Amino acid sequence: MKERAALIDRTSRNDFVTYGMVIAAFVIVQILSSMGVLTNQLQGLLVPLCVYAIMAVSLNLVVGILGELSIGHAGFMCVGAFVSALFSNQVGGGMPSLLRFIIAILLGGIFAGIFGFLIGVPVLRLNGDYLAIVTLAFGEIIKNIINAVYIGIDGRGLHASLTSANKLVDAETGVILINGPQGITGTPRDSSFLIGILLLLVSLVIALNLTHSRDGRAIMSIRDNHIAAESVGINITKYKLTAFTLSAVIAGFAGALYAHNLATLTATSARFGYNMSIMFLVFVVLGGIGNFRGGIIAAVLLTLIPELLRFLSNYRMLIYAIILIVMMIISWNPASRAFMEKHRLGGHLFKKKNTAGKEGE
Amino acid sequence: MVTFIENLINGLSMGSIYAIIAIGYTMVYGIAKMLNFAHGDIIMVGSYAAFIMISTLGVPVPLGILGSVIICLCLGIMIEKIAYKPLRNAGSPLAVLITAIGVSYFLQNGAMLVFGSNTKSFTSVIPASIQTMQIGPFQVRGIAVVSILTSLILVGILQTFIGKTRPGQAMLACSQDRAAASLMGISVNNTITLTFAIGSAMAAIAGVLMCSYSPALTPTTGAMPGIKAFTAAVFGGIGSIPGAMVGGLVLGIIEQLSKYYISQQVSDAIVFGVLIIILLVKPTGLFGKVIQEKV
Amino acid sequence: MALLEVNHLAIQFGGLRAVDDFDLTIEKGELYGLIGPNGAGKTTVFNLLTGEYKPNEGIIKLDGENITGKSPIEINKAGIARTFQNIRLFKQLTVLDNVKVGLHNHYRYSTAASILRLPSYYRVEKEMNEKAYELLKVFHLDRDADTTLASNLPYGAQRKLEIARAMATGPKLLLLDEPAAGMNPNETQELMDTISLIRKDFGMTILLIEHDMKLVSGICEKLTVLNFGRILTQGITKDVLADPEVIKAYLGDD
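Protein chains in written order, with our numbering: chain A, 7 to 367; chain B, 177 to 471; chain C, 6 to 259.
Where hints are given, some of them may not hold.
Pair by pair, the computed Cβ-Cβ distance ranges are [as the list claims (entries may be wrong)]:
no.	chain 1	residue 1	chain 2	residue 2	range
1	A	V33	C	R122	38 to 48 Å
2	A	P187	B	G312	33 to 43 Å
3	A	V208	C	S115	13 to 23 Å
4	A	M27	C	A117	22 to 32 Å
5	A	M27	C	D149	26 to 36 Å
6	C	N189	A	E313	54 to 64 Å
7	B	K209	C	I252	36 to 46 Å
8	A	I233	C	K253	30 to 40 Å
9	B	T295	A	I325	18 to 28 Å
10	B	Q335	A	V208	54 to 64 Å
Interface residues of chain B toward chain A, partial, derived using beta-carbon atoms under 7 Å [claimed, not checked]:
no.	residue
11	P262
12	N265
13	I277
14	Y436
15	Y437
16	Q441
17	S443
Honestly, the hints are just simulated from the structure, not real lab data.
Computed from a predicted model, the values in this text were never measured in an experiment.
Cβ coordinates follow ideal geometry from the N, Cα and C atoms, glycine included.
Hey, can you work out the whole structure from these sequences and the hints?
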């Protein structure tokens, strides 16, 4: 126990602040809800907010901790969504809904993780710009294939086709599971704000504990100077894969949460295309690259504010774009950074760089 | 067999458009050392500019194309100065890439606000008399001939420019060693500006050709072709202009054949699949060079 | 058996033979210097020894083990650690974490233990902290090591940190690439003391590249002089530095 106490240091205390923030948010929302203050519109946003927050955590692991740009993370979310929905639909009433949902989420995460691993193996060897484009390509491929595929099951087993659902399964005993562009219908609406918050906490625990550990240091050393990392014996491939795969798993969780909140699940560009992936990137950048707490806050604010300020919604993406450009220039232009440091401005932007390498102080 | 050849020709047609776009990417990557994610959207702006001038304002076609080229040229230079130049010495290529993504988004959504997201029907710049031609047993579209010829001419001009003129040689120097070029008295800033200008001008031409090939014009029209063209540039070896040409043509053919013989849906997946396979087998592409990182 | 045995090492880049017919023997515990004019190929030799480059010809043996052509990771595990001509620290990590990365292969616990915070996490992290601070104390870098970012250290301290990190990997042979570059005379003297201390207390064998002749003549026992990728001469420091050929090659270098 004494050893544990010594390690409840600054870093861990910082992490607890992050957990506390999430729990506090939950409590506040519950109070507001019971007071009847929350509009229907806001109630409907609660689960999506959790989904986006989890995706921000997921992407921060790759962009902030590993230091690689992935603009295809919506693809992993897509895998998690469809696998989990498939499972829940198939099992139906065969088991208690909470157990079914938990297994669905786990399956979503595992399969997304498998995809993350399979994609990571070839992709993580590439240089930064290429890696970004290839992740985008993979995100599109995953979405396109899921959108084009028809999967059905009947007495003879599982069938798949790329062209149509006609004659796919036996007319009497067969069931169409994934109906091409029409996706999956009838997924049980298991998602709730409570489960969303719990999933967010789990994701944070994975991400934060990984970062503040031996593995995390290895991953960050690759980010900071991969030649030096190699020279001290760090297995670059292994740790790149670890970060990428775990990030995909978390994205899969988000996908499962998302899928069980919709009556119809379709693999559209709007839902799982690179526009989504870029939105997640905006969250990460705005929250401070590598700053898990900041990413969550950014995800919440950037989703909530446009919803509340409806008149702005036409301009929302344009504003995102401008924010992204301005944020990047302010944080990375050498002259701008010198200016900010001299006048001690923009504390949160530089948290990662100036204070003790721990996110969000 | 006839259909196959016709498909091949159509593939070359779109492929030569991809080639023109890819050359823009490859030049900027080779000289400014950055991936201009917004390149595809400059194409879109070029298409809209031409559309407004020709269809809405009734400007004669050649002037409309010229106007579009000039507008995109200025746009490209402006973007470089405002968004990319401040980050040139940022020490992280990630930063510029993310900013480029932001610019791409800005252009797309700006266009959506200005022009609306409904599809505009672009009137082809190919004169009606040669819209479709009969060459032997083959039915060939006029746009196919025009785009293939245009791309060949553009590549020829570029290669001459880079090989034989001072600014062109400056571009070559900057792509190889920026610091040394600067010490030799070459203005790196002006060279990079010139690169963006040329790339954007070519994007405008590509936009006009593309919308003449398939007339549907929306704010997101440029994005996918842009990404596919980047695939082509990587395939050919990023930084190599002949490579981008070859890459564009090959990609156009693969895409057309996939579309015709398998399905429209899956053709995108196949095109991306090709990119991925190339990058795995030969990350430097067909004509690319391996650059050893200095330890 | 010598600790490091290099025979007929050579590497070619295109048409340029950057290093040719390079031989080197270093005994355990020696402090050996590799000197030569700029561009002579000294860092290339280092890169060959550490596996960043694969030689076209030649054999490298460390403590009897043939390590020619192995990867940097394998060579580090075999027992060679290095610092770099341009400092390569993990800029966004703390001073302490930089050293702990060096300890990575000597203190392990699983990824699962990291995420689930199993007892092994706490136990091994504590051991790593202790070992890391031990090392940092030698270099006088232990103060506020867990809150100072490596990039915020003064230049001389950064160079020392790089050496500390290399030491953390527990090497048999330490390669230092221009450790005194950019240092003022005081810092250089401190560095000389530190290097001698590592050698004495850790029994470390050291090969260093340097231009600072005060440091070279002050602590190196033997030297090899490299010029245009080939050995000009090698032997005891005193003799080598007095050799007219060597002086000519440097032409006024001090």
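Hint check:
Between V33(A) and R122(C) the Cβ separation comes to about 25 Å, which falls outside the hinted range of 38 to 48 Å. With their beta carbons about 40 Å apart, P187(A) and G312(B) fall inside the hinted range of 33 to 43 Å. Between V208(A) and S115(C) the beta carbon distance is about 19 Å. The supplied range of 13 to 23 Å therefore holds. In this structure the supplied range 22 to 32 Å holds for M27(A) paired with A117(C), their Cβ-Cβ distance being about 26 Å.
Distance hint check: the CB atoms of M27(A) and D149(C) are about 28 Å apart, consistent with the given range 26 to 36 Å. Here the CB-CB span from N189(C) to E313(A) is close to 60 Å, well matched to the stated 54 to 64 Å. One distance hint, 36 to 46 Å for the beta-carbon pair K209(B) and I252(C), holds here, with the actual separation near 43 Å. The hint said 30 to 40 Å for the Cβ distance between I233(A) and K253(C), and at roughly 35 Å that hint holds.
For the pair T295(B) and I325(A), the supplied restraint of 18 to 28 Å holds, since their beta-carbon distance comes to about 25 Å. A beta carbon spacing of about 57 Å between Q335(B) and V208(A) agrees with the range 54 to 64 Å that was offered as a hint. The closest approach between the C-beta of P262(B) and any C-beta of chain A is roughly 4 Å, which is under the 7 Å cut-off, so the hint is satisfied. Hint status for N265(B) relative to chain A: holds, with the closest Cβ pair at about 6 Å, below 7 Å.
Taking 7 Å as the C-beta cut-off, the interface hint given for I277(B) holds, the closest approach to chain A being about 6 Å. Contact between Y436(B) and chain A, as hinted, is not supported at the beta carbon level, the nearest pair being about 15 Å apart and thus beyond 7 Å. Given hint, Y437(B) at the interface with chain A, is violated; its Cβ is 13 Å from that chain's nearest Cβ, farther than 7 Å. The interface hint given for Q441(B) holds, since its Cβ lies 4 Å from the closest Cβ of chain A, which is under the 7 Å cut-off.
A distance limit of 7 Å between C-beta atoms decides the matter here; for S443(B) the minimum to chain A is near 9 Å, and the interface restraint is violated.
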